[in-house]
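**Q** Please construct the entire structure, taking both the sequences and the accompanying hints into account.
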Amino acid sequence: MDRWQGKVAVVTGASCGIGEAIARDLHREGMIVVALARRENRLEDIRNSLPEEERSRFHVKCCDVTDEEQVKAAFGFVESELGGVDVLVNNAGTAKPTELVKLDNTADIRLTLETNVMGVVFCTREAFNSMKERGIDGHVVIINSIAGHNTPNIPELPSFNIYPATKHALTSMTEVYRQEFMRHGTKIRITSVSPGVVDTEIFPDHLIDIIRANMEMLAPKDVSGAVLYALAAPPNVQIHDVIIKPVGEKL
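Residue numbers (the numbering used here): 1 to 251.
One thing to keep in mind: the hints can contain errors.
For each label pair, taking beta carbons as the anchor points, the in silico distance ranges come out as [claimed, not checked]:
1. 134 <-> 104: 12 to 22 Å
2. 105 <-> 6: 37 to 47 Å
3. 219 <-> 134: 11 to 21 Å
Pairs of lysine-lysine, DSBU-like flavour, derived with a Cα cap of 30 Å [what the hints assert, rightly or not]:
4. 72 <-> 102
5. 61 <-> 96
6. 221 <-> 72
7. 132 <-> 245
If you are wondering where the hints come from, they were derived from the structure by calculation, not from laboratory data. Please read all numbers here as calculations on a predicted model, not as lab measurements. Backbone N, C-alpha and C define an ideal beta-carbon position, used for all residues, glycine too.
**A** Put into structure tokens, the structure is as follows:
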């Protein structure tokens, strides 16, 4: 991680769970972190929990990644105040307990698509162009899911509805980004990190106890460790897709 000392990392969905773990770990590794999320108060709490002398390297911005203008504004701040982004971690994501065949579920389906897919499109576009214009061999990370490789069928849980489709999209997009980055003559790297079930707030309260009783789970720090592993690879090595599961997982 030495090559990233003092460099700028943007982490989306950084107010809790995997995003918080990644933001904290990148900051601990000496990076300047810009933490994006809708809940700015949660971001401020994270920042205030850091040693006072290290808080200047942790910036918080309220940003809904489904809103293209908010994404542009956030990356505009990074460009004007910090000189641009060197590492982007696309972590923001959501899942809604509904079914594809259920009536009146359009809002839940649309939110999942816009957060999990379009949020990555908006943020990666801004980050890539910042890196390219400055001639930086940066790194883009996408927090994917094993649901992006195999559609889960867990009888104890409700339908996963549109969620696996959004994650399958990210699997395909990772390869498309690799090709596009290369076609533009850059050495910017792309990594998809696909964890199994992680103990985070993405699950509604009424489901979390069922999941814990029936499945092994990863901790957010486990996923963050995979991100650090990919970033620490030599510049000529691209860790394209990391799949991590808890020991004993049934999926």
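**Q** Give a verdict on every hint.
**A** Going through the hints against the structure:
The hinted range of 12 to 22 Å is not satisfied by residue 134 and residue 104, whose Cβ atoms lie roughly 47 Å apart. For the hinted restraint 37 to 47 Å between residue 105 and residue 6, the CB-CB distance of approximately 46 Å keeps it satisfied. For the pair residue 219 and residue 134, the supplied restraint of 11 to 21 Å is violated, since their beta-carbon distance comes to about 35 Å. Distance restraint check for residue 72 and residue 102: the Cα-Cα separation of roughly 34 Å exceeds the 30 Å cut-off, and the hinted pair is therefore not satisfied.
Pair hint residue 61 plus residue 96 holds up; C-alpha atoms about 25 Å apart against a cutoff of 30 Å. For a cut-off of 30 Å, the pair hint linking residue 221 to residue 72 stands: about 29 Å separates their Cα positions. For the proposed pair residue 132 and residue 245, the alpha carbon gap of about 34 Å is over 30 Å, so the pair is violated.
When each numbered hint is compared with the structure, violations occur for hints 1, 3, 4, 7.
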